[in-house]
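> Protein chains in written order, with full-length UniProt numbering: chain A, 1 to 361; chain B, 1 to 539; chain C, 1 to 182.
Hints are computed from structural coordinates only; laboratory data are not their basis. Every value quoted in this text rests on a predicted model; they were computed, and no experiment measured them. Be a bit skeptical, because a hint or two may be false.
[Stated by the list, open to error] Under the rule of at most 27 Å between Cα atoms (straight-line distance), these lysine-lysine pairs were calculated in the DSS-like manner:
hint, chain 1, residue 1, chain 2, residue 2
1, A, K86, B, K355
2, A, K322, B, K318
3, A, K322, B, K246
4, B, K475, C, K51
5, A, K289, B, K146
6, A, K322, B, K40
7, C, K69, B, K475
8, A, K62, B, K146
9, A, K346, B, K318
10, B, K146, A, K86
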Amino acid sequence: MNVWISLIASLIVIGGLVVGAAGVAGLAQYSHTPELLVLLGVVVPLLAFIAFIVGVILQVVKWGRRPVPFPIATVAGQGKSLPWIKANYFDAPYTKAGVVGRMALEVLTFRSLFRNTKMELHDGPKLAYGWQMWLWVFALAFHYAFLTVFIRHFRFFTEDGSLVFQAVMFLENLDGFLQLGLPHVLISGFVLLGAATMLLLRRLTNAQVRYVSLIQDYFPLLLIISIALSGILMRHVIKVDIVAVKVLIMSMLNFDFAGIGEKALAIGWMFYLHIFLVSVLLAYFPMSKLMHMGGIFLSPTRNLLCNSREFRHVNPWNYPVKVHTYEHYEDEFRERMIEAGLPVEKTLEETQEAAAPEEKE
Amino acid sequence: MADEVPKVEEMAAINHTPPKTGWMDTPAVIRPGMYCYSAKAKPLNIVGMPNGRDWDPIEEDWHLPENWMEIVLEGLHDRLHRFRSLQLFMDVCVRCGACADKCHFFIGSGDPKNMPVLRAELLRSVYRKEYTLAGKLLGKMVGARKLDERVLKEWWTYFFQCTECRRCSVFCPYGIDTAEITIIGRELLNLLGLNIDWIATPVSNCYRTGNHLGIQPHAFKDMIDFFVDEVEDVTGVRVNPSFNRKGAEILFITPSGDVFADPGTYTAMGYLILFHYLESMGLDITWSTYASEGGNFGFFTSHEMMKRLNAKMYMEAKRLGVKYIIGGECGHMWRVIHQYMDTMNGPADHLEVPKSPITGTVFQNAASTKMIHITEFTADLLRHNKLKFDKTRNDNYNLTFHDSCNPSRGMGLLEEPRYIIKEMCNHFYEMPEGTIREQTFCCGSGSGLNAGEDLELRFRGGMPRANAVKHVHEKHGVNTVACVCAIDRAALPPLMDYWVPGVQVAGVHELVGNALILDGEKERTEDLRFEPLAGMEEE
Amino acid sequence: MDLFDIIEKRQGRILDKWQDRVLSTYSPDAYRLFKHKNDPFANPVGSTLKKGLEGLLDLLLGEGDVREKAVDLLEDSMKVRAVQDFSPSNAVGFLFELKGVIREQVGKDLPNLEERPDWSALDSKIDAMALAGFDVFMECRERLNRIRVNEVRNLSYKAMKRANLVCDLSEIPDDPDGETVN
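Construct all of the structure, not just a fragment, from the sequences and the given hints.
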């Protein structure tokens, strides 16, 4: 697929979503129609959330139900064999803890991607080809920033003063340690925006990656960039009353629907744009490549032990097959085997005797 | 005025980067030198594989069965439900490109469809069309396409341009293993009789006669007897192997390449010398003519065929009543043994946990499969100082070690062969980091691609490996590549002949055979290749 | 100013452009790998070709018989191109490209380039290089075919013959056990 078509199509879709959501929100506030705001800010997110949960569960269940017939771990180090040969604990794991470690390193540090980087590093300082190293750097930055942003948002879902709330606020304070601007600039948002942008640029400039990229690669990146951008704008430029946001969310969580319209009207349109884009991401997530998050845990080349000769792996659909038995083999070659002095199960006489009665019948 | 002179570059005009078309719009070209001859009807019929017929890949008409599309799609559906690997690998790729330049075929050819991600997309695109809503609705826009003959031909071309070496899977953040895609892709092609001759013929030979070359039992024995003579010529000692002997403690199975193809034959002589050496110390081992093939080209055909051929190992072990099995130096054979055999044909309750009769070491790592690698066995002997040897007999060899794909990424056998080589030889040099151990480069001929007709393909794919050998050849004077794989021993000599002339290939146990000091041996002046030993050249 | 002096001064840039043109005979994905990845073991094709061109450019600027020395320098590069999808002309044509690169890089400073005597010296040196290129390319193809033909014999046939498992015609006397029947 032509890169420009993919890119433009993604932009058109996201542009449509942005204009649509902003338009509806603006219109609702202008015409004082709280129903539309409730739809955009409560109903759609709720549906998206349900779609997300159901979708993710269905996908993971689908994967989980598929059997793993063979122990096909990718062995990436010395396997466990003789006691005096040091086995590689994480790269050829032979204990459950080793597998957990391997998975943790994979999930938390993107270890396999880091292998590229390691190769880059002894390549010398020239960075012309260094995008590969940046893949690891940007991917790591992107995912950790995303995680931080995700956790930060729990301040809107927890009671002020509760333990979780305090923990989240602690994280947010860390995030804003630069103490720039008012409200403080939160680094994670900018890192998320920056890293997603760099991943997009990498996709566009690296000929190999560009050649294999599809619209499903551009769309989520652009969507996440839009979400990050709308969040940052909402915090610093087109500000909304976050106390009002929290009031709305908490009353929904407490099933308190009284005065919902008024509560919704108290929040600026930018919020509705932001949450609508997040809803789109949530709903899109389970059917997209973003599910790699769940997939990694189930990947049989990574989550299996490398001890397949020590412990038998069972294939649930193992079935009997047709084989060429030794008896068949000897029947075919008996004479020549005897001539060559190879031991046989039956002598020529025995086979003739066995065959003889049949002939009489 | 000067402008009117036709420019030299216009006259010379060479084709630069072809006009860029999306990969879906670039049909696969099946080119002489780059493809293997197709499987004929006979070998497929012998083993009961479906749709066997004589066909030619470069002809337009492949004589596909009427309902071929149905067969393939049903086959795909079935496998998506039987292999989590396939289902997951179809779903989770993010096309990050980390694998792109890890494939030896891409590195050597620059053909984008040799990037692992794209090789998988060849199948994934059809999966999207059949199984995802977006794919059904938006088609090409979302990288989905209908299965048609062009797609099928592309599959055939590129699934037989992958050696299932798993190097890409080391670098993939989700562990996507292209070998798995290729294995299942080939399984689908085999439903239509679309195998290659170099795989199908060995499979049917192996099924009937016990080995890939179709060597009948008496000839197998003749060949080993011939080695016995050769060993006697070199050492003055007559070794005495046994065949199909019931009641032996150990069954020995090695790839037939060691018995019938140079330079594997020297490795086979090495085994014979080692076994003879250990005989008086209590080793009781037999060869089998029925299970005379360690290699398993069924692995390159389908899971079922792999199981059918592999079954002979345990069946023969049971018939002979041995306690356990030792396996010779082979690559994919060991992936099959390490990751498939026990699951497919086990549990081998008729066998016992391998225990070295010489050192008493119990090989706990093979407690269930009951089969150990000969380098594990020999490394253990060396560690316990059970062998008397003269390593100067290998002084003519400046060695490097090529990790074969399957023993490294399919079982993690990295140190055992190195330990033996270092004990047996004085001159050993590693190739550069990033080209050995778990990151080793394939010989370019694995997974059944070591036919004669696809030499260009093999030499391109083997170029990264050869290039690293060239480096140690120039830097340290390396003249021998040691390896523990029969396909390597067959494929590396021509590869070296082309890229690094002057470098030969040896099995690890050939070196053992040279160095071992046998009781009552004559003064050795030659190695197993009848080349004079270092310092003996003048005679 | 002498043409060769200018080339020498701009050697780095000329080399870069030349390498660029040669490597852009591959797909863009491959170009990126071949041109930019510096690790010679992760990128053997690109490294070999780049190194080959560097040597050839040095040769052009140096003394001595170009054709003879070029043979050695071209060996590695031609081996690579001989196993890739190139027609002989495309495999060797990149040597002529140097003319275009040099013209492009020095043309502005030396008007009427083609009429200068040192240009024709350069011209014939490059031609000599290209002729050597054809020789080496053909030699590589021949080597490839020789290996292809020998492979089977070198492997199983040789081993089985040593073991006397195949019939060797040379050991059979002429016209053995001939019997004339009606």
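> Next step is simple, just say for each hint if it's right about the structure.
Structure-based check of all given hints:
1. A:K86 - B:K355: holds, 20 Å
2. A:K322 - B:K318: holds, 18 Å
3. A:K322 - B:K246: holds, 25 Å
4. B:K475 - C:K51: holds, 17 Å
5. A:K289 - B:K146: holds, 21 Å
6. A:K322 - B:K40: holds, 21 Å
7. C:K69 - B:K475: Status holds; Cα separation ~22 Å.
8. A:K62 - B:K146: The given pair, whose Cα atoms are some 24 Å apart, holds under the 27 Å limit.
9. A:K346 - B:K318: holds, 17 Å
10. B:K146 - A:K86: Cα-Cα ~50 Å, so violated.
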